[in-house]
Amino acid sequence: MILLVGYGNVLRCDDSAGIVTVERIAGKRIPGVEVRAMHQLHVELLEDLQRYERVIFVDAASDGEAVALRKVNSGEKREAASSHHLAPELLCSLASKIWSQCPQIYVCTIRGSCFDFGTQLSPEVEEQIDQAVAAIEGFISGVECHA
Amino acid sequence: MDNGKKIVINPVTRIEGHAKITLQLDPQGKVNQARFHVNEFRGFEKFCEGRVFTEMPTITPRICGICPVSHAVASAKACEAIMKVGVLPAAELLRRLIHLGQIISSHALSFFHLSSPDFLLGWDSDPAQRNILGVAEKFPDIAKRGIRLRKFGQEISERITGKKIHILGIVAGGMSCGLQEEQRKALAEWIPESLETARIGLEIFKRYYESHREEVETFASFETLYMGLVGENGEHELYDGKLRFMNGEGSIVADQLSPENYLDFIAERPVEWSYLKYPYYKPLGFPQGVYRVGPLARLNVASKMRTPLADQELKKFKAIRGGKPLRSSFFYHYARLIEIITAVELIGQILNDPRVTSNEIFVKARRNQEQGVGCSEAPRGTLFHHYWTDEGGALAKVNLLIATGQNNPAMNQSILEVAKQYVDGNDLKEGALNRVEAAIRCYDPCLSCSTHAIGSMPLSIEILDAAGKILNVVKRG
Chain A
0 MILLVGYGNV LRCDDSAGIV TVERIAGKRI PGVEVRAMHQ LHVELLEDLQ RYERVIFVDA
60 ASDGEAVALR KVNSGEKREA ASSHHLAPEL LCSLASKIWS QCPQIYVCTI RGSCFDFGTQ
120 LSPEVEEQID QAVAAIEGFI SGVECHA
Chain B
0 MDNGKKIVIN PVTRIEGHAK ITLQLDPQGK VNQARFHVNE FRGFEKFCEG RVFTEMPTIT
60 PRICGICPVS HAVASAKACE AIMKVGVLPA AELLRRLIHL GQIISSHALS FFHLSSPDFL
120 LGWDSDPAQR NILGVAEKFP DIAKRGIRLR KFGQEISERI TGKKIHILGI VAGGMSCGLQ
180 EEQRKALAEW IPESLETARI GLEIFKRYYE SHREEVETFA SFETLYMGLV GENGEHELYD
240 GKLRFMNGEG SIVADQLSPE NYLDFIAERP VEWSYLKYPY YKPLGFPQGV YRVGPLARLN
300 VASKMRTPLA DQELKKFKAI RGGKPLRSSF FYHYARLIEI ITAVELIGQI LNDPRVTSNE
360 IFVKARRNQE QGVGCSEAPR GTLFHHYWTD EGGALAKVNL LIATGQNNPA MNQSILEVAK
420 QYVDGNDLKE GALNRVEAAI RCYDPCLSCS THAIGSMPLS IEILDAAGKI LNVVKRG
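Here the protein sequences come in this chain order: A and B.
Take the first sequence: its letter number 26 is residue 25 in numbering that gives the first Met the number 0, and every next letter is one higher.
Take the second sequence: its letter number 240 is residue 239 in numbering that gives the first Met the number 0, and every next letter is one higher.
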């Protein structure tokens with residue numbers, strides 16, 4: 000079973016890219032895939048993750064590749080965290096410490112260009128969301144993911 | 000101003016929101032003044048003017064992501080005062096359920112996520128590890144229990160209203176959604192584990208207290224009044240009731256005060272260094288009328304708890320100072336844990352009440368008077384919503400007296416007391432500054448729904464001379 004989680008602030012333009020991506024995939028009703036959209040990743044999500052073999056987090060990014068999909072390892076260096084929102088790397092780290100088993104965790108990022116107040120996506124992000132949807136679908140159907 | 004140096008702690012970590020602490024040193028390097036600066040401005044009181052008053056239980060929960068239910072409750076009660084209507088029994092039970100869930104969720108976050116790292120890992124431990132991640136590494140079972148306890152509180156909101164935070168089910172006139180039998184049973188299954196986790200939390204605190212008695216009993220310890228809601232027999236209350244003020248000797252200064260008359264006995268004064276004002280008990284003036292709210296104050300003013308296990312613990316709590324109110328701010332943590340216990344017990348009682356699954360949860364009424372005041376106990380203390388409306392029901396004026404704001408004078412005093420005890424400007428240690436931050440964490444202030452760092456946020460402390468010249472810099476991260 001795969002859990003697909005899109006998160007971000009839908010009132011900050013391209014920050015909604017993660018949510019829009021997973022909602023498009025949800026519309027395809029792929030068997031064995033559960034889709035959730037949320038504002039932030041909370042520590043309470045940790046326990047839910049144990050029910051899945053693989054978890055893919057989808058989020059907008061301010062830099063990096065246009066679309067990137069990579070595996071997260073529990074030993075990855077921690078970034079700055081807050082108790083309202085934990086990055087996927089931190090969730091992975093916490094999950095491995097608290098629960099003996101941890102699902103395979105992946106992160107798909109979509110580079111955004113505008114994070115102002117608003118509900119519209121920038122044109123380039125619209126295209127990148129299509130690429131992200133294709134990448135995630137391909138991954139789900141067994142295409143190799145480069146870590 | 001003294002011709003000394005200044006230490007700035009910015010930001011304060013492991014609290015809700017953003018704040019800064021300034022410590023002014025005398026020429027000998029000792030702390031002689033401390034300020035707690037709240038640099039956020041929200042504006043809810045102003046931008047809600049012109050809205051229809053019945054919208055407020057939907058708008059005001061957005062003030063905070065940790066205590067939105069308390070805002071919804073206080074707001075709905077203010078609306079119902081304007082409507083001159085009461086709510087049906089099932090609606091009150093549901094509101095109490097959600098409210099108690101929020102208390103548990105908030106207190107669990109405060110103790111297990113924000114404060115337990117100091118108890119379990121040490122005040123002077125590596126700041127990068129001194130957080131929930133560090134606790135998870137060394138004490139995975141405690142970390143898991145803390146996470147699940149917080150989750151239980153959120154489950155209640157979600158199973159009734161469909162949302163974990165910023166819920167929409169509490170409305171003027173009652174509730175817009177009820178509790179199904181299946182959901183009721185699912186929630187009841189959480190009770191035993193949640194009680195056990197609260198008990199483990201108590202053990203953690205008591206173990207620390209036993210081995211650090213003097214530290215705990217003198218940590219940010221000073222005289223104030225205490226204020227909280229109580230029932231008609233003085234029992235601990237969170238959802239309803241009347242107000243009680245108590246002094247540091249345990250004498251009741253004022254009792255069974257109606258919250259709707261709060262302006263008769265609470266006044267506020269602004270200060271130049273913060274957006275938070277200084278409230279005080281009016282009859283005694285300032286500063287004699289400075290009071291504290293929140294878990295410590297609630298348990299100090301309460302004659303008893305409404306549930307057996309919590310009441311047993313209250314007796315031990317009160318015995319510490321022979322029946323007199325506890326003054327050390329450190330005991331906020333103890334009080335918080337006792338409130339978790341009573342909240343879990345009360346949830347169990349409500350879930351066993353057959354009325355809780357009733358569909359009779361809403362009454363209709365219109366504006367029947369100009370003003371309304373609603374009051375509830377938020378996790379951090381007493382909360383007031385006061386609305387004035389025009390004849391069409393549009394808000395002409397809004398006054399929100401927030402829990403954390405009422406602790407503002409005490410928080411400032413607390414950091415001064417702790418800084419005097421632990422900070423030496425000639426030999427500045429990170430652990431000492433952590434203790435100053437911990438003085439604020441005792442109050443678990445909710446400065447806004449904002450993110451805050453778990454220890455790994457870079458922090459720079461500057462020591463300045465009176466001319467503003469940087470003499471020393473201590474960095475973390």
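A hint or two may mislead.
[Said to hold, decoys possible] Subject to a maximum C-alpha distance of 27 Å in a straight line, what follows is the list of computed DSSO-like cross-link-like pairs (lysine-lysine): (1) Lys45/B / Lys5/B; (2) Lys317/B / Lys70/A; (3) Lys162/B / Lys27/A; (4) Lys162/B / Lys70/A.
[Unchecked claim] Partner residues aside, some chain A positions facing chain B, computed with beta carbon under 10 Å: (5) Arg35; (6) His38; (7) Val42; (8) Ser92; (9) Leu93; (10) Ile97.
Don't read these hints as lab results, they were simulated from the structure.
This structure is a prediction, so every number in the text was calculated from the model and none was measured.
Virtual Cβ for every residue (Gly too), placed ideally from N, Cα, C.
(request) If any of the earlier hints don't hold here, list their numbers in rising order. (result) 1, 2, 4, 5
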